[in-house]
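*Asks:* Each chain is listed here by its residues.
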Amino acid sequence: MSKPKIAVYKLASCSGCQLQLVNLEPELLDLVGEVEIAYFPMASRKTVPGPYDICFIEGSITREEEVEVVKKAREDCRVLVAMGACGTAGGPQGLKNWARVEDFKERVYQRPDWIRTGEKSLSPGEKVKIDLYLPGCPVSRDQLKEVIVAALLGRKPYLGDWPVCVQCKMNNNVCLLVASKTPCLGPVTRTGCGALCPTWGRGCYGCFGPCEDANVASMGRILRDLGLSPEEIVRRFRHVTSGAEAFREGAKLYEGQQD
Amino acid sequence: MKDSRISVGYLARVEGEGGLDVVVSGGQITDLRLRVFEPPRFFEGFLVGRSYQEVPDFVSRICGICPVSHQLTSILALEAALGVEVPPEVTALRKLFALSQYIQSHALHAYLLAAPDFLGYPSVIELAQDHPALAARALSLKRVGNDLTALIGGREVHPVGAVVGGFPRAPTPRALLAIKERLEQARGEALETVGAIAGIKPPEFSRPTEFVALTQPDQYAVNGGRAVSNRGLEMTAAEYKKKITQTQVPHSNAYHYTVAGRESFMVGPLARVNLNARSLMPAAQEALSRCGVAFPSDNPFTSIHARVIELVHSVEECISLIDRLAPALPRRGGPLLAEVKVKAGEGAAFTEAPRGLLYHSYTLNSRGLVERADIVTPTAHNLRRMEDDLWQFVPRVIDRPLEEATLACEMVVRNYDPCISCATHFLRLDVRRVG
Amino acid sequence: MSRHAANPLKPEPAVIKAIRQETYDTTTYTMGFREGERANRFSFEPGQFNMLTLWGIGEAAISLSSLPGGNGTFDHTVRSVGDVTNALRRLKVGDTVWARGPYGTPWPLKEARGRDLLIIAGGIGLAPLRGVIQAVTSRRSDFGKAELLYGARTPADLLYTTEFDDWRRGGLSLTLTVDAVPEGARWEHNVGVVTTVMDRATVRPGGGVVMVCGPEIMMKFVVKELLARGFRPGEIFVSLERRMECGVRVCGRCQFDGRFVCRDGPVLPYSDIKGRVGTML
Amino acid sequence: MDGLGERATALERRVMPEEGLDQLVRALARRGPVYGPVRQDGATVYGEVEGAQDLDLRCTPFTYSPKALLHRPRQVLFRAERAEGFVPREPEEDGRMSIIGVRPCDMSAIAALDQVFSQEYPDPYYQRRRQNALLAAVNCVEMAEHCFCTSMGTGPGLAAGFDLLLTRLEHGWLVEAGTEEGCAVLKEVESRTATDRDLQEKEELIRKAAAGAKKQLQTEGLPGLMRDRFEDPVWKERREECLGCANCTSVCPTCFCYDAYDVVNVKGDKVERTRCWTGCPVVDFARVHGGNFRSDRGERFKQFAYHKLCYWKDQFDRLGCVGCGRCMTWCPAKIDIAETAQSFRRGGEAR
Ligand SMILES: Cc1cc2nc3c(=O)[nH]c(=O)nc-3n(C[C@H](O)[C@H](O)[C@H](O)COP(=O)(O)OP(=O)(O)OC[C@H]3O[C@@H](n4cnc5c(N)ncnc54)[C@H](O)[C@@H]3O)c2cc1C
Ligand code: SF4
Ligand code: SF4
Ligand code: SF4
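Protein sequence lines correspond, in order, to chains Y, U, B and D. Letter by letter, the first sequence follows residues 1 to 259 of the numbering used here. Letter by letter, the second sequence follows residues 260 to 694 of the numbering used here. Letter by letter, the third sequence follows residues 695 to 975 of the numbering used here. Letter by letter, the fourth sequence follows residues 976 to 1326 of the numbering used here.
You can take every hint at face value.
Pairs of lysine-lysine residues, derived as PhoX-like cross-links and limited to a Cα-Cα distance of at most 25 angstroms, are as follows:
| hint | chain 1 | residue 1 | chain 2 | residue 2 |
| --- | --- | --- | --- | --- |
| 1 | D | Lys1242 | Y | Lys46 |
| 2 | Y | Lys120 | Y | Lys71 |
| 3 | B | Lys839 | B | Lys804 |
| 4 | D | Lys1211 | B | Lys968 |
| 5 | B | Lys786 | D | Lys1245 |
| 6 | D | Lys1309 | D | Lys1189 |
| 7 | B | Lys786 | Y | Lys3 |
| 8 | D | Lys1190 | Y | Lys181 |
| 9 | U | Lys602 | Y | Lys181 |
| 10 | B | Lys968 | B | Lys914 |
| 11 | D | Lys1309 | D | Lys1190 |
| 12 | B | Lys704 | D | Lys1242 |
| 13 | B | Lys704 | Y | Lys156 |
| 14 | Y | Lys156 | D | Lys1242 |
| 15 | D | Lys1288 | B | Lys968 |
| 16 | D | Lys1309 | Y | Lys181 |
| 17 | Y | Lys156 | B | Lys786 |
| 18 | B | Lys918 | B | Lys968 |
| 19 | D | Lys1309 | D | Lys1211 |
| 20 | Y | Lys3 | D | Lys1245 |
| 21 | Y | Lys181 | U | Lys600 |
| 22 | D | Lys1189 | Y | Lys181 |
| 23 | D | Lys1211 | Y | Lys252 |
| 24 | Y | Lys156 | Y | Lys129 |
| 25 | D | Lys1242 | Y | Lys3 |
| 26 | B | Lys786 | B | Lys704 |
| 27 | B | Lys704 | D | Lys1245 |
| 28 | Y | Lys72 | Y | Lys3 |
| 29 | B | Lys804 | B | Lys968 |
| 30 | B | Lys786 | D | Lys1242 |
| 31 | Y | Lys156 | D | Lys1245 |
Hints were generated in silico from the structure; no laboratory data involved.
Just chain Y, with the same shape it has in the complex (with noise of 0.2 angstroms):
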């Protein structure tokens, strides 16, 4: 039996999320025994075509040309993965999507009318078929491991989809929302970081976006009696997954809020 293929595509992005792939460092030799590395720029020029068995997409969706990369994407691959806060859900980019993006252009170029690029930063779900997400920014190396391990098992991968105050509770971390009232996104986001921003001393900034049945609506009701403003509470919701649903629902209850 032939090795199964591996492709990854870019998007925009900064790249952060296939770094994490050579990142497995301890294990990537193991890994080209057990997969052909068969589309990956960043680390090779050989390109081995279609069809794939798993495919990374890392980035999101800003321009025309992207969408036709991620058809075919789309096409050449068994299971399609999209990676990253950009992935899933627009990642930074995706906050011009909240902006208009001729102002952006104008304050970052002279000739704004040589850059070539859309309105809306769109993850790749919004234009085909994703098998699974995989968030995070970056995506964490061991859940990259899992999805990999579980693909070439034939299983789902085993990511949990849990707060993080879960995994930050098993790290033996004080909460520091409740003991030193900074806020953090622990209650609503997704665990795979195992906790970190918490476990480093700081509130959680929501990157793995969020959680499933996030309750947004009491996460920002604590934030505002932290002291937080409207607008600061509509920021913490629009950050690197600004696109996902519950943190865009989050955000809009505060939006256009006085203090």
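Assemble the complex: chain Y is given as a structure, and chains U, B and D with the ligands must be docked to it using the hints.
*Replies:* Chains U, B and D with the ligands alone, transformed into the frame defined by chain Y:
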């Protein structure tokens, strides 16, 4: 190859999306473009209106390969704007943080991106089959760098441990000393890397270049300092816009930069080693004399030599930083933070990212919200130089078979270890006030 | 604290001796433990279950779907719905599965002795009852009436169809029904959910035991009908399904009200469920 | 384990000076690692301690329970390798350890966990940690805002079950040893025999602490009352507030539920069967093929409240709540199950 076209649709083994087009007609290059089609992500745009506290987390996302550099540069610029003074432990820990990323990034480039070119493989995967020990060394070096980044910042990509003012949770002395043992092992691996590179003869391609790098009197400059060049440029971050000129070209989503009134310039490891060799750690200076190349060097193909010299330096300096830091840190970790008072202000900062000079500058309003953000990355600084190199280099390979010529051109680009995602985030020009 | 038995979470190797495809998504495996005294004699009662492990895939609770066989063999009938159940399908005769058990409460076969027996099953819910049917048909004289009402989604979803004739010969009366008959399929029996054939049962309240197993929503309506027909809660037994990680009352996942389904169940008299919260019943 | 006013079942009672605590910790440290409450980020969590200077033995609402030391948040159950035919191997046993600073309510919680993990099929992982642990408890001489141990009969004084029991007197520490091992440790510490006055002082301190209880939950007939109020509108309010974050179950010293999964290496030839904490507030908790028995957040939260204050009685013939107040202290939404249950007594509604 009288009339032909070298076209690399998608440059492999570089970070981000770029391509290359060279049109040769009658034996002459008639057109040459290094296209950057990595879509722009408008970081400077959406940073406006965000709190200074959020900036390091956002700018990190400009680049997954050098997130630490972006975070630290923004922190230094914001601290300049807010007038924050940090204790020496914070400064030392920041340098350790930055160097950890040098180890990771340089090992990645030397072994995974560049070595396959020199040894004739499409990627490290094929290379690993013939040279397993070499691959194992590469990965072990990279992992030490990554683990040190993660120890300080939580994870290797987009770490969370550094904020304006310092570190909310410094690593424990015990954890630092544990990783120091691994760095001591890495020292040997870094030296072996120099040995391996010394055996590689770079293509002959020397050309006069203006090299720009940070310098500090007492150490190998990484975070902060003055930028200087071998042609007499000297500037602080605050003077950057007076001394560096920026132009936009239609074929690229990235700006081009020149020294005001002069030509393109080069930043990165080669510039640093050329200008600051005397500040390298002794072991790195030793290695320098054995690496098969004489520095200062005008040959861009010797960038890889400079990079592995810096690998040795970084490992060495990390060890010595840990020796200094460990006794000064609290036993159970805990915060290492200077007080931050929010006020309006403007600040700029330079750091040396693994790929070279990185510039951030911000204006904050009285609520600590960003009014203006400027970010210029090393790859952006180098882009014009890369094109210039290609104009010079292509005629030498123009008579070789297309395949070979294309690979040679790609190698010219990979010398710079370009980070294209980084390069597509640029200066804003008109200052518009918000908030 | 001093009882220090062998690790109850540790599975033991069992070898697959035979595989029979029941339907497009359901398979019966006959297995036997590979080592130890249980290799030749594995005792359990119908209604109980094992936890089956495939290393690297996970563990799942699966009912024993037979009476103890000769040479210590036992059957599992498995519908592929997830990780372990799908991976099982990839195995061949001679392959090893890791198992621990038997766990849980059995069907009240002893109590049913000498009494009428009404079995109502839906879909894969027939699997845990097959052992009961084997017991009844092989010791027919021990019981009064024996009736099975069995419903599935379509004719293609019916389990154990090749055994139906044996069961009939063994004195079991069978009433079959399906929710729907796809075009072109042959079907001579009832169409409709299982409650639509409940009138055909002749077992009456007071004289017998009713055993019900199927999706919880199906059991809800069946129990409702039974109660309406005058069956007492103590005569009705159901088998519940819950998420289980341990099977031995520690992982907490199978709780409803004050019960652990893995140990207090899976087979429970309805009288023990009635009025409790946390089930549909 | 009702300690109030009762005489502790001690083999030996001694009083050590203030500095004795440090000697005690060091004596314990000679037997293995010592864990105790240490300050961290404005609260106390169980961490490894080297001497008395690391310890914070005050009773504050911000103290985590020692549950994690016995029922590990993450525990490898088996390692299995293809090369060995996947015969599962249990991880190496941990050695002797001491836990110091265990509160009376937590001692009651440990007794509850002992019950959970030593039923028909005793759980060897918990049992090993438990048997390896020397428990040095400490009586409470003050009660924090959310404590209601007096209602649950679990504190503020402890009567039995300890190896060592400390009480902070005005001058020094009263140390009682409940086991031979406790006595042996006590021998390594400078101390004098306790007098009747010392014991009276202890009783008095505990009585005073109990009198200071700010919170109450009447437990008589509580399970029945809870059942009657299963559909009470107050649960709808809780549904809106609850985040489903499982902080309550994580900090609760008696919550024991877990999830199990296999961690596999890239080559697929090494497997670690692992279990980790989970709790009923998590969406995934009751998911099965074809649905979820508690897909509604409100039902999930109720499972927590009802398990503690109602179902546990059926399961283990006691309540699952020891009155430590942690779930309400650490709930970001400040949901207070005790106050909710107590409000049923008043017929009214409250948090
Ligand atoms: C006492 C008892 C006896 C049983 N007897 C039998 C039997 O005889 N035969 C039989 O076939 N089954 C039986 N079952 C059912 C069987 O145990 C379950 O179906 C079990 O989950 C199958 O394990 P699995 O690993 O194959 O599926 P899993 O991978 O656990 O998946 C089970 C189902 O849950 C869904 N699921 C899991 N996680 C998620 C998620 N995060 N999001 C969405 N959906 C999810 C899956 O899609 C699937 O539908 C019994 C159950 C019990 C409790
Ligand atoms: S999700 Fe984050 S880490 Fe991943 S590519 Fe996007 S910005 Fe980078
Ligand atoms: S009750 Fe509180 S702590 Fe528990 S899950 Fe709900 S919000 Fe979280
Ligand atoms: S239910 Fe709350 S108060 Fe009761 S023992 Fe658990 S955490 Fe403590």
